[in-house]
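Please model the complete structure; the sequences and the hints are all you need to start from.
Protein chains in written order, with the numbering used here: chain A, 250 to 402; chain B, 250 to 402; chain C, 250 to 402; chain D, 250 to 402; chain E, 250 to 402; chain F, 250 to 402; chain G, 250 to 402; chain H, 250 to 402.
Derived from the structure by calculation, the hints contain no laboratory data.
Source: prediction; values computed, not measured.
Using N, Cα and C, we set each Cβ at its ideal position, and we do this for glycine too.
Warning: the hint list may mix true and false statements.
As the list claims (entries may be wrong) - Calculated cross-link-like contacts (lysine-lysine; reagent style DSS-like; alpha-carbon spacing at most 30 Å):
#1 E:Lys368 - E:Lys385
#2 B:Lys385 - C:Lys399
#3 D:Lys262 - D:Lys368
#4 A:Lys398 - A:Lys273
#5 F:Lys390 - G:Lys385
#6 D:Lys390 - F:Lys390
#7 H:Lys385 - H:Lys398
#8 F:Lys368 - F:Lys390
#9 D:Lys385 - E:Lys262
#10 B:Lys295 - C:Lys385
#11 D:Lys385 - D:Lys368
#12 D:Lys385 - E:Lys390
#13 D:Lys368 - D:Lys390
#14 E:Lys399 - E:Lys385
#15 B:Lys368 - B:Lys295
#16 F:Lys295 - F:Lys262
#17 H:Lys262 - F:Lys398
#18 A:Lys262 - A:Lys273
#19 C:Lys368 - C:Lys385
#20 C:Lys295 - B:Lys399
#21 E:Lys273 - E:Lys368
#22 C:Lys399 - E:Lys295
#23 H:Lys385 - A:Lys273
#24 H:Lys385 - G:Lys295
#25 F:Lys295 - E:Lys295
#26 B:Lys295 - A:Lys295
#27 B:Lys273 - C:Lys295
#28 D:Lys399 - F:Lys295
#29 D:Lys262 - D:Lys390
#30 F:Lys390 - H:Lys262
#31 A:Lys295 - A:Lys368
#32 F:Lys385 - G:Lys262
#33 G:Lys399 - G:Lys273
#34 F:Lys385 - G:Lys295
#35 G:Lys398 - G:Lys295
#36 E:Lys295 - C:Lys295
To be verified - Under 7 Å between C-beta atoms, here's a sample of chain H residues computed to sit facing chain F:
#37 Ser263
#38 Asp266
#39 Ser281
#40 Arg291
Letter by letter, the chains look like this.
Number of protein chains: 8
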Amino acid sequence: MPRCSVLIVVGSKSDLDTMEEARKTLEGFGVSSELVVASAHRQPAKVRELAARVQEGGADVVIAGAGMAAHLAGTLASLTTVPVIGVPLLADSFGALDSLLSTVQMPAGVPVAVVSAGKAGAVNAAVLAVEILSLKDGSLKPRLSEYRKKFSS
Amino acid sequence: MPRCSVLIVVGSKSDLDTMEEARKTLEGFGVSSELVVASAHRQPAKVRELAARVQEGGADVVIAGAGMAAHLAGTLASLTTVPVIGVPLLADSFGALDSLLSTVQMPAGVPVAVVSAGKAGAVNAAVLAVEILSLKDGSLKPRLSEYRKKFSS
Amino acid sequence: MPRCSVLIVVGSKSDLDTMEEARKTLEGFGVSSELVVASAHRQPAKVRELAARVQEGGADVVIAGAGMAAHLAGTLASLTTVPVIGVPLLADSFGALDSLLSTVQMPAGVPVAVVSAGKAGAVNAAVLAVEILSLKDGSLKPRLSEYRKKFSS
Amino acid sequence: MPRCSVLIVVGSKSDLDTMEEARKTLEGFGVSSELVVASAHRQPAKVRELAARVQEGGADVVIAGAGMAAHLAGTLASLTTVPVIGVPLLADSFGALDSLLSTVQMPAGVPVAVVSAGKAGAVNAAVLAVEILSLKDGSLKPRLSEYRKKFSS
Amino acid sequence: MPRCSVLIVVGSKSDLDTMEEARKTLEGFGVSSELVVASAHRQPAKVRELAARVQEGGADVVIAGAGMAAHLAGTLASLTTVPVIGVPLLADSFGALDSLLSTVQMPAGVPVAVVSAGKAGAVNAAVLAVEILSLKDGSLKPRLSEYRKKFSS
Amino acid sequence: MPRCSVLIVVGSKSDLDTMEEARKTLEGFGVSSELVVASAHRQPAKVRELAARVQEGGADVVIAGAGMAAHLAGTLASLTTVPVIGVPLLADSFGALDSLLSTVQMPAGVPVAVVSAGKAGAVNAAVLAVEILSLKDGSLKPRLSEYRKKFSS
Amino acid sequence: MPRCSVLIVVGSKSDLDTMEEARKTLEGFGVSSELVVASAHRQPAKVRELAARVQEGGADVVIAGAGMAAHLAGTLASLTTVPVIGVPLLADSFGALDSLLSTVQMPAGVPVAVVSAGKAGAVNAAVLAVEILSLKDGSLKPRLSEYRKKFSS
Amino acid sequence: MPRCSVLIVVGSKSDLDTMEEARKTLEGFGVSSELVVASAHRQPAKVRELAARVQEGGADVVIAGAGMAAHLAGTLASLTTVPVIGVPLLADSFGALDSLLSTVQMPAGVPVAVVSAGKAGAVNAAVLAVEILSLKDGSLKPRLSEYRKKFSS
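In structure tokens form, the structure reads like this:
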């Protein structure tokens, strides 16, 4: 894994399309990213490995999208100190209520930054990542303003 | 950690009293257990260590009680192949809805056995553990029947 | 009913397909099972009969899948002391919220082991049953590890 | 158990006070009743026995109050063909949402008549029982009208 | 409106199909019924008129099916002293949660007997009505037993 | 009942304190009001009478506060064509979810204007009533602006 | 923007069809309206501009329809003192629960008048607007009565 | 307002204690912050002013805590392009469900980073802010690691 600005992890292949929105939005901002499938429960070693690389400087921000008992963002947050953004994804039984509550209700000290559920959330995770990256890369500031202008006028 | 039949893990010191009900219930059945505090999000290394010992034969059954975005049971389940029982605990903002959905909605292949929320659940986790252990320790069968008789007559 | 390791009961014919996932998963582990339709409310005598056979040694573990006011797992749990696994199934009016709460919120002393709702839950009920059976049948341990490896790498 | 018009069953001693409201309301109408504690999950044999007596003519109407995974009313309904009225009672974790959904969502063919949760429900179960009994005992009709008048003017 | 045993009221034409299940079920028991469309909010005078006829002896039992802020059963219950059975119907925005809570949470003194949501509820309302009518018409008792036998064996 | 600008109806004496906030807020604006207890289910005739007086010009706006299966606002709305404002009040079993859904989900053609639950809602019902009245009484416009200024600076 | 009686704002183009029901209903009453797309979050300046025009007398009543974290009605209410009616619209993840709670739970002092979710709400917002306008335009009173009569007989 | 790293805004004085946890946590990291009370609905001009100062460089990150129909974070996010962190606060009627959904369900393009509800969320908002700031201020990295170590061992 070469270094990228944003590592996007998705818990299941079936949600790749939704999280691809995050990758495309980042691309629109000229921000490098990588989209990886890794399940917190089914591939815990792979998730730990991703977290280790991130913590060693492999990425500045992490985006994690998962459904149901969505532990992916929380697991990555527990293993790194970079900002971790969680996207609650929809599933059959409880809409996005299970994934939202599983992602947002982290204990004091280990935050996850949760955005809207589903596709709007994938886009918003990317925009939030750009807002965060713009703190150190000032060239992103005007791009954020332009992005806003496109739909605000 | 010497070997015990049931390892009880609780995610926060503030929930020790509730999960102590599980330990006492197991004691009533003559089943050895150990009660440990370890948070999936705040002490991920400790939780992994516990899982490793369990997987090496340190316990036959795991009970995990946690509140909010309760990942404890799911994390232990993702790292072991012994039965993991989850007890959803109550917190301020969403009662036990957040912990219930975070614990029960595991993806296909990595089950958690979830029982009632709160104290009734701590007791039930213990009784379920005894039912499971009775498969290999036949002497527990009559004790389970007696236990039932006490409140069924 | 000849002896089987796992008795799978489903509350309604319309949910047979979903619970068939449990049977197939058990088959993949080489664990014998039987899949029976019996409704707690519409066929209470049949359910009692099944419970009696289980309690006399007809099965080591019970899996019960039902929707709506899902009493099937709870009824079987109240009549046996073997581990009873409940799978909340979806219906029109409340998704799986009604079946989840009806199955999981058992009173102290009579546990049901609840897994995810719907098809993921049917698979997980089977895997949990294998984990339980592996306590007395050591040959299942390596099969569980292999099963995990298939999706964890 | 001598014959009474209404058999009131409550799932747990801790809810006796709430269901006592039903008994007192029936008394106010001059309708005989008996209040019994019996848990569907902890005392299934006792519940079956009560159902058998009811079905043999021991009572015209049954009222059942229970909390959590409230199967009491549904179990009695599955074993009798007299009207069974269910009162969802409150518990810590989910208010009365678990008991309401567990009581009301019965499958086609086996109805439970569910009233409001908690004390208002205990009173309403009694009034509903009187309305039902008034079909065969016409002397209850004017008492129902008087009862209404007391709070309607 | 000639006298009938059961008056079935449905709040909207669009729900006629669902409530027709109640009429057919009653017909199967040989119980006379009439199915009328009347909305508590859009046709309050018509609903009051129906209630008046019922209270004057026009029907022994009322079944009311409605969706959303379902006041139909409650309004009829507030104007009569015969048993009123409510069927919560599904709508787009909140499934049947709005109609269930609107129908069941009646204040002390004015009960509605609520059954399952949707089609299962329409059938159950009819069966409950037959159970109630069987108190004065003993010939319905064996029919109820036969009805149960059909699906219980 | 002499004419008043706003008729405030509350479904139960126990909620008088909460709805008194509406009366006091209106008084602060110099708007005449009357606060009456009348239950849609327990005193349907009184509610109809109030609606008739309103429809004959007795009030310009109606505020109705009720808990549980809150039909009060909807019933008044079904009988008048003046704006009816509903305040969902809290009760034990479901917080304000039952009263909110029962008040807001009115069928097309018969609106209720629902505001926040509880005390904030009682205040807001009054402010909304003043906003409505200001359409015909221009002197209320500057008072509304002053009211806003008090907390906006 | 020429003056109109009712300004209808919708937060997203994708919800234009739903809110068009409000415009058509107002048209049926002969009430002038204008339907504008403006998002509280994506076009805050446009929303502020609309509010300013309204506050300067551009409209007597505002209707705002939005989904998800629906701040549109609340934002308009915070910037004007005319009655603002909110219509909670449906989205994928939480039905209309998110938009309903986001619209209705306004703090004391800044009311929004919330109606049913979805299309029924769009119609009801229009009818409520007409009821409000009828306070100053008496000619609308008989039209409201006729409108009711059409579906009440 | 002198420049600070993090601007903390709270919607109501009554929630100052909860959000003070954020200020104290930031102080522990040596990060400058300012805690201001400003309500999105009651003081929209003040909120806009704060947003303008932020957008002109007055702060790198914004934290906004609010209850009920919590629009504060969303309003600030709609007016700035710095990262805005939302803390859903508890209120009487719906726990934190109303504030959570009102804060998190932002439309595509305008993200809010939502953390846990209540006090845990106030702490987590601060830690997340530090994680974000650490992208440009490398000296915060070791402090974050130390902070984690304190509770992880």
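* Any of the earlier hints contradicted here, and which numbers? -> 6, 9, 22, 24, 27, 29, 32, 35, 36, 37, 38, 39
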